[in-house]
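**Q** Chain residues, written in single-letter form:
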Amino acid sequence: MNQSTFLQILPFIILSAGIVVAILVEIFTTKGKALLPAFFSVLFLANSLLSLAQINVSSNLYQMLALGGKAAFFNFIFSIGALIAVMSSVNYVKKYGANFGEYYILLASSVLGMMLMAGALDLFVVFLGLEVMSINFYILAGINRKKKTANEASLKYFLLGAFATGFVVYGIGLIYGSAGNTNLNFIINNFTRLLKMPLFVIGLGLFFVGFSFKIAAFPFHMWVPDVYQGAATSVTGLMSTIGKAAAFSVLIFAISPVTFNGAEHIFRPYFATLAILSTLYASIVAIAQTNLKRMLAYSSIVHAGYMSIGLAAGNVYSVAGIIFYLAAYTFMNLGAFGVIAIVEDENDGKTDLKAFAGLHKKNPMLAGFMALFMFALAGIPPLAGFFGKYYVFVGAIKQNLLYLALVGITASLISVYFYLRVVVYMYFKDEEEDFEIKTDYPGMFAVLVSGIFVLIFGVFPSILMKLITSVLR
Amino acid sequence: MIHVSLTHYLVVSAFLFSFGLYGVVTRKNAVMVLMGIELILNSANINFVAFSKFGNYGLNGQIMALFVIILAAAEAAIALAIVLNIYKTFAHVDVDKINNLKE
Amino acid sequence: MSLNVILFFVLALIAAVSSVMMITRRQAVISALFLVINFFALAGIYLLLQAQFIAVVQVIVYAGAIMVLFLFVIMLINTETEEKFLERAKSFKIFAIAIALLVFAEMAYAILHAHPSALLPKISENVSNGTIQSVGKALYTDYVVPFEAAGFLLLSATIGALILAKKKFD
Chain A
36 MNQSTFLQIL PFIILSAGIV VAILVEIFTT KGKALLPAFF SVLFLANSLL
86 SLAQINVSSN LYQMLALGGK AAFFNFIFSI GALIAVMSSV NYVKKYGANF
136 GEYYILLASS VLGMMLMAGA LDLFVVFLGL EVMSINFYIL AGINRKKKTA
186 NEASLKYFLL GAFATGFVVY GIGLIYGSAG NTNLNFIINN FTRLLKMPLF
236 VIGLGLFFVG FSFKIAAFPF HMWVPDVYQG AATSVTGLMS TIGKAAAFSV
286 LIFAISPVTF NGAEHIFRPY FATLAILSTL YASIVAIAQT NLKRMLAYSS
336 IVHAGYMSIG LAAGNVYSVA GIIFYLAAYT FMNLGAFGVI AIVEDENDGK
386 TDLKAFAGLH KKNPMLAGFM ALFMFALAGI PPLAGFFGKY YVFVGAIKQN
436 LLYLALVGIT ASLISVYFYL RVVVYMYFKD EEEDFEIKTD YPGMFAVLVS
486 GIFVLIFGVF PSILMKLITS VLR
Chain B
234 MIHVSLTHYL VVSAFLFSFG LYGVVTRKNA VMVLMGIELI LNSANINFVA
284 FSKFGNYGLN GQIMALFVII LAAAEAAIAL AIVLNIYKTF AHVDVDKINN
334 LKE
Chain C
-13 MSLNVILFFV LALIAAVSSV MMITRRQAVI SALFLVINFF ALAGIYLLLQ
37 AQFIAVVQVI VYAGAIMVLF LFVIMLINTE TEEKFLERAK SFKIFAIAIA
87 LLVFAEMAYA ILHAHPSALL PKISENVSNG TIQSVGKALY TDYVVPFEAA
137 GFLLLSATIG ALILAKKKFD
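Residue numbers (this note's numbering), protein chains in the order written: chain A, 36 to 508; chain B, 234 to 336; chain C, -13 to 156.
Source of the hints: derived by calculation from the structure; they are not laboratory data.
It is possible that some hints are incorrect.
[What the hints assert, rightly or not] With a Cα cut of at most 20 Å, we get these calculated EDC-like pairs of lysine to aspartate or glutamate:
| id | chain 1 | residue 1 | chain 2 | residue 2 |
| --- | --- | --- | --- | --- |
| 1 | A | LYS433 | A | GLU381 |
| 2 | C | LYS152 | A | GLU61 |
| 3 | A | LYS130 | A | GLU468 |
| 4 | C | LYS79 | B | ASP327 |
| 5 | A | LYS183 | B | ASP329 |
| 6 | C | LYS153 | A | GLU61 |
| 7 | A | LYS433 | A | ASP387 |
| 8 | A | LYS183 | A | ASP387 |
| 9 | A | LYS183 | B | ASP327 |
| 10 | A | LYS181 | A | ASP383 |
| 11 | A | LYS181 | B | ASP327 |
| 12 | C | LYS154 | A | ASP469 |
| 13 | A | LYS473 | A | GLU381 |
| 14 | C | LYS79 | B | ASP329 |
| 15 | A | LYS385 | A | GLU471 |
| 16 | B | LYS261 | B | ASP329 |
| 17 | B | LYS261 | B | ASP327 |
| 18 | A | LYS396 | A | ASP465 |
| 19 | A | LYS231 | C | ASP128 |
| 20 | A | LYS130 | A | ASP469 |
| 21 | A | LYS473 | A | ASP387 |
| 22 | A | LYS389 | A | ASP465 |
| 23 | A | LYS129 | A | ASP383 |
| 24 | A | LYS501 | A | GLU381 |
| 25 | C | LYS154 | A | GLU381 |
| 26 | A | LYS501 | A | ASP387 |
| 27 | A | LYS385 | A | GLU468 |
| 28 | A | LYS183 | A | GLU381 |
| 29 | A | LYS397 | A | ASP465 |
[Said to hold, decoys possible] Sample of chain A residues with no beta-carbon within 12 Å of chain B, all distances over it, derived:
| id | residue |
| --- | --- |
| 30 | ASN37 |
| 31 | THR445 |
| 32 | GLU466 |
| 33 | ILE491 |
The model shown is predicted, which means the values in this text are computed figures rather than measured ones.
Where a beta carbon is used, it is the ideal one built from N, C-alpha and C, also for glycine.
This is chain A alone, in the form it adopts within the complex:
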């Protein structure tokens, strides 16, 4: 290993060494819960800068991990997202009753799993990265074992997640058997030949079904509302954004043979069905939700549907669109969950619409940011969400999939209703519940950072898009 390789894997080394150091801090001192948030914030900041600096590198580690390029871009999103999540956790976990140092260790470990997934060049690494991420999410969802809601969320997440893992593992088994290799580049280069084997097609199908659970697309979504509502708000923010981005980073890799080898897209009907069902079903059901966390859970299904439109189109443009969308979605959603985490009270209350009525009088700044995130999620130009959708839909149209773009546009029209309802409640309704929102500086900082990113992505989308296309090559 030479010096440049060492520099390129530095984000992994920093994060894993940081986790080990944090465990030692937690064992030998009692100050873990005070020290670790700051420690991991610095670490994630360093990692995001390092990843950004390596975006033009193209290298790999033992043919197992890709370094630089797309992986570096994803690592950047993961690190910034995790930084925001840590910030909004600091005061929230005290309210939630889970103010442990271990919370941050588990959070950092899940990010390590995501980085492995995004950089995977081998099905071994895909599988282990997925599991490192998922196991930490199961624990984080149930971190307060005194709460019924947390336990329920954790059990449901675990049972369906482990079931999905079973599919992924069996699929990998069949892929390995028919290809004779687990190297992703090998599989992609021989894709057309392998497609002639029924065993390979079934294996790939099972693999995609397993990942459809992880991205929470429609027929595989049943765990999402309960888990997102029952888990701690900061954890929900984490797994609905960068966790989903990590799962998509694998799917993007898996459809790249179509994009770069000109193979016929045999999985288009599958992703198209997912997209149509997720967007239409979830955007209609979301209208009936009064709990904001549950509403955002359905909204995340809708967004998974929009991104599946990109997977169905499968050209370079739409893949770049998905990555842009993932980055934008990460910041809008983390911001929205950050606001909910600040408003939420000690007993998991104040997460429904009523609690947000008249928020602008109580805390104009918070209300302003929430409105920004809701507009962005609804896809109102010129905010980040609009360009995410725009790129994905244009990708679909370029592939002659006009009907998918039309379905997407219909769903986004429906979903404007429930996003704007939040804004209406905040600005045009009188306060219904009298309670005070405690000032939470780290939480506000997290919301502020997300807000800034949403604005940057919205105002200068072309810069980011250029960066992403250069990464994809």
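With chain A fixed as given, assemble chains B and C onto it according to the hints.
**A** Using the frame of chain A, we list chains B and C on its own:
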């Protein structure tokens, strides 16, 4: 003379997979659902090891099987801790009746 | 018929029957014991496939550690027999059986129509011999990245089990 070929192993594996699937879908006890998942993981392991030998692909199938066993151990530890917590708060482990969150 | 063939069919039969028994028993303890039998049969199958190390790990980790954990939890939470499992919504059960059969049929089809080259038995004695030495060497050379990742997986699981079961709340 009957030969035991790859096909035989794959059929055993497919059988276990289908039954694991059936178990996960029909059983109500959370622990039983977990056992169904263990069955699915094991069926995948037969595939890995069988392909590794008959396909002459080297050792990576066996190593994947090893990682799957590691995963199963980690998952079992977490899952059973979660099940215990469920039992403490709900006083039962019936997956169908764990429905406190709003629909 | 050689010994290998007889052994395979006996083990496969044990694995299949024990899995069916495991899924259909009402009492979780009995199911767990059938699962242990199933794991032992699979360990035998791994031995037939010359995966000695995996066979040993299967017995020690799966049958030994994981199932003991399962039995502990089953005894601890003292689940009464799942009432009405057998009478449970017939249509639902038929649906589940249909799904299982469909998956099985699909796989059987794929297996029987697989690429002939993948199904030819071409065993080379020196390559896929899964002794501890060869598996260990591969783990620490070609597969060092997943190996480290597996280390972090176990680390997280340890922390998680502790925090979920033992953490003191203030």
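**Q** All hints are to be evaluated individually against the structure, with a verdict given for each.
**A** To see whether the hints hold, each was checked on the structure:
no. : hint                : verdict
1   : LYS433/A x GLU381/A : violated (50 Å)
2   : LYS152/C x GLU61/A  : holds (15 Å)
3   : LYS130/A x GLU468/A : holds (19 Å)
4   : LYS79/C x ASP327/B  : holds (17 Å)
5   : LYS183/A x ASP329/B : holds (15 Å)
6   : LYS153/C x GLU61/A  : holds (13 Å)
7   : LYS433/A x ASP387/A : violated (41 Å)
8   : LYS183/A x ASP387/A : holds (18 Å)
9   : LYS183/A x ASP327/B : holds (14 Å)
10  : LYS181/A x ASP383/A : holds (13 Å)
11  : LYS181/A x ASP327/B : holds (19 Å)
12  : LYS154/C x ASP469/A : violated (33 Å)
13  : LYS473/A x GLU381/A : holds (11 Å)
14  : LYS79/C x ASP329/B  : holds (15 Å)
15  : LYS385/A x GLU471/A : holds (11 Å)
16  : LYS261/B x ASP329/B : holds (6 Å)
17  : LYS261/B x ASP327/B : holds (5 Å)
18  : LYS396/A x ASP465/A : holds (9 Å)
19  : LYS231/A x ASP128/C : violated (29 Å)
20  : LYS130/A x ASP469/A : holds (18 Å)
21  : LYS473/A x ASP387/A : holds (18 Å)
22  : LYS389/A x ASP465/A : holds (10 Å)
23  : LYS129/A x ASP383/A : holds (12 Å)
24  : LYS501/A x GLU381/A : violated (44 Å)
25  : LYS154/C x GLU381/A : holds (19 Å)
26  : LYS501/A x ASP387/A : violated (39 Å)
27  : LYS385/A x GLU468/A : holds (9 Å)
28  : LYS183/A x GLU381/A : holds (15 Å)
29  : LYS397/A x ASP465/A : holds (11 Å)
30  : ASN37               : holds (26 Å)
31  : THR445              : holds (25 Å)
32  : GLU466              : holds (23 Å)
33  : ILE491              : holds (36 Å)
Taken one by one, the earlier hints fail for this structure at numbers 1, 7, 12, 19, 24, 26, listed in ascending order.
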